Amino acid sequence: MLLGGVAAGMVLFIVSVGLSVTMGLMGFVNLAHGGFAMLGGYVIALTMKYWGLGFVPALLFGFVAIAALSAVLERLLYSRLYRAAELDQVLFTIGLVFTMIASVTVLVGPENQPLALPAFLRGQINLGIVQYRTYSVALIVVGILIVTGLWLAFERTRTGAQIRAAVDNRRMAESLGINIGRLFTLTFAFGSGMAALGGGLGAEFLGLDPQYALKYLVYFLIVVAVGGLGRVTGVFYAALLIGVLDFTLKKYLPQGGTAFIYALTILLLLWRPQGLFGAKTT
Amino acid sequence: MTPTKSPWADHPAAVALAGRHRLRAWEPIPWILALAFYFVFPTYLGFGTELLITILFAVSLDLVLGYAGIVTLGQAAFFGAGAYTVGILAKRGIWNEPITGLVLAAAVAAAIGLGSGLVLLRTGGLTLLMLTLCTMALLEEAANLAHDYTGGFDGLDSLPIAPLLGRFEFNPLYPTTQYLYVLVVLFVCFVFVRTLVYSPFGQSLTGIRENTLRMHAVGAPVRGRLVLCYALSAAIAGVAGGIWAQANAYVNLGTLGLDRAATVLIILVLGGYGRLYGAFVGAIAYMALSHFLSKLYPTAWQLGLGLLLVVIALFARNGILGIAELGLRWLRRPRPKP
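If you read the protein sequences in the order shown, they are chains D and Y. Under my numbering, residues 1 to 282 are what the first sequence spells out, in order. Under my numbering, residues 1 to 338 are what the second sequence spells out, in order.
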């Protein structure tokens, strides 16, 4: 019962974590993040369909392809707008989303893209007490692996420490000799790659069509705003919270569920503008 | 006591500053063109009405975004509030006189703007962006839920709107009345906004946009000004929404959606924000393009729009009017004497 919500929360987390880090690190309002998730989903679905790649290799390929694409975009376009006003960033990324949606519609078509799961992820699994859908269980396992990996990378590696330093105080980090530009490109590419992964993993129940980029954007933004900018664990808890809430509310209160989440977000942001788990900004 | 004349009063900059609010020679042109449109293109009046309403909506956004510098993604919340006010009152047979209907729409939208502004404007940056977005989404959901009043997803159609001034019928097929009515309302609202932005109040808004900290330091009531501006802008957006509902005789959830909010933002930026007439230029450029292109090549339209936005954000932050200004300055540049 609850597991479905947790699985949805995992997908939300995988997509949103990149958004949180790029927004926290670069202070960049990236509304195109959902677009990267959508493109990733398409790359994964299409490589499986036409190249006959397995699900897992396709996921990896999607990650690498979108990370590479976003690194190029970051160097060429995003980096010009780091110091620009929020409005310009919003416009630029909205424009980018439109471009992505239109290109996908032209190249692939506007219809929903089915993504066939491999046999070992279909069906039910016996968890001792209850039978449950294998895919949901697999998603939860993958999500926990990713959050642990990210947490370790963030807290225990040199790059992670550099990212945290840059989130907290960019100028100081820069004057200590951290190459902020390279760090930005790296995190941006990684975050977009994660979004691609999430797009592929979530396609089974979120669907995959060109409008994906805008349809779920508000959800990703809510997760990031609730979790706090640049906080991996915060985003994880927020994603779980929103995932479970959304799943349960849709089941028991199909009418007012979404409105409830919006209202909750508004109240929460008024109470803690920095998010539930974010540190107070100075 | 006679005020002493400053020795700098004749300086060109001082003259320009003191005469900033004066009517420029070209300013009547858009209005003459709008009137001419009525006589030249009688078959396109439906499109013209939509265009004028969009301009009005964009002007309301210009006040809050271009002058006060509040980045909002939720301006359609007030458009929808105005539209639904007119729609529900007319459908239930409570009130269907158009002009007072607009006043009511403005009052409801302003009340929502005031209420939400009081809480939302305490924040800034990304949080504010998210809050405006969520407020709009919440209103949309509420309108969807209150099915009995708002008609839910289907909206309210064939609204019985009373004839204008008791004489002029609204005819959806030949929108001559609507066009002139919207034009007059746009003119009144525009004069109001123009007066406002050149008043000391408008100056303090620009000051807040440029340097909030300094405005606090000189003792300006920053939050009060912002909230008031937000509410006034909401009222004008409410008028735009109300008049849209009257002209089309229907309301639907689309009036509250992110699509509408994003479109009006794009229009304003395309024309150039913070300069009043940007709304006109942007709306004409956008609506004409979308009217003729989007039906023929919907995907190419979206692609072109996306690329256009990227280019504007990267290279032409002041929109079409900004480019025109640069061009004018280049033409008038001081030339080296031969």
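The set of hints was computed from the structure by calculation and includes no laboratory data. Errors might be hidden in some of the hints.
As the list claims (entries may be wrong) - Pairwise CB distance ranges, derived in the manner of DEER restraints:
#	chain 1	residue 1	chain 2	residue 2	range
1	D	ASN169	Y	ARG317	22 to 30 Å
2	D	LEU264	Y	ALA107	25 to 33 Å
3	Y	THR212	D	TRP51	48 to 56 Å
To be verified - Derived list of chain Y stretches under chain D, where covered just means 3 residues or more per stretch with a C-beta under 8 Å from a C-beta of chain D:
#	stretch
4	185 to 191
5	256 to 266
A quick note: this is a predicted structure, and the numbers were derived from the prediction, not measured. Where is the CB? At the ideal position from N, CA and C, for every residue including glycine.
Do the hints match the structure? See the list:
1. ASN169(D) with ARG317(Y): 22 to 30 Å: holds (28 Å)
2. LEU264(D) with ALA107(Y): 25 to 33 Å: holds (29 Å)
3. THR212(Y) with TRP51(D): 48 to 56 Å: holds (54 Å)
4. 185 to 191: n = 0 at 8 Å, threshold three: violated.
5. 256 to 266: holds (count 4)
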